[in-house]
Amino acid sequence: AAVWIDSLVLLQKFCSDEKMGRVLAMDFALALLAETISALLCGALQDCLGLGPEATSITFGVGGLGVCAYWATFHYLGHGAASKEALSFNTEDHIHCKESNIPEETSPLLNA
45 AAVWIDSLVL LQKFCSDEKM GRVLAMDFAL ALLAETISAL LCGALQDCLG LGPEATSITF
105 GVGGLGVCAY WATFHYLGHG AASKEALSFN TEDHIHCKES NIPEETSPLL NA
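Be aware that the sequence shown starts at 45, since it is given in our numbering, and climbs by one per residue.
I should point out that these hints are in silico values taken from the structure, not numbers from a laboratory. Just to be clear, a hint being listed does not mean it is correct.
Stated by the list, open to error - Have a look at the derived ranges for each label pair, beta carbon to beta carbon:
#1 86 / 116: 21 to 29 angstroms
#2 67 / 93: 33 to 41 angstroms
#3 68 / 121: 21 to 29 angstroms
Even for Gly, the Cβ is constructed at its ideal location relative to N, Cα and C.
Sequences and hints are given; from them, build the entire structure.
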């Protein structure tokens, strides 16, 4: 939940107001899809492979640790929201372009 809150803050920071609803709707839809897929996989592991609740939990726990290791490696290599390009994003320029009615196509942020 804490990671999802952080991602929502980043989406709100870097997304334009015109596209905010679409982006957040997609985020919520993908989260719901992930919950559905994990429930289906859990049921399949228990029904088709005959795993018990403990073995299923361990399987998903190991899978979660694998995703966490991948994400940590990705972050360690300097990609994602913690990259230098993302941290150097100047929100004041973006707000100034909105207030001065400069079309987004001529915004210096899009050409960077």
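Okay, the hints, checked on the actual structure:
Residue 86 and residue 116 have their C-beta atoms about 25 angstroms apart, which keeps the hinted 21 to 29 angstroms range intact. Distance hint check: the CB atoms of residue 67 and residue 93 are about 37 angstroms apart, consistent with the given range 33 to 41 angstroms. With their beta carbons about 28 angstroms apart, residue 68 and residue 121 fall inside the hinted range of 21 to 29 angstroms.
In terms of the numbered hints stated before, the structure departs from none.
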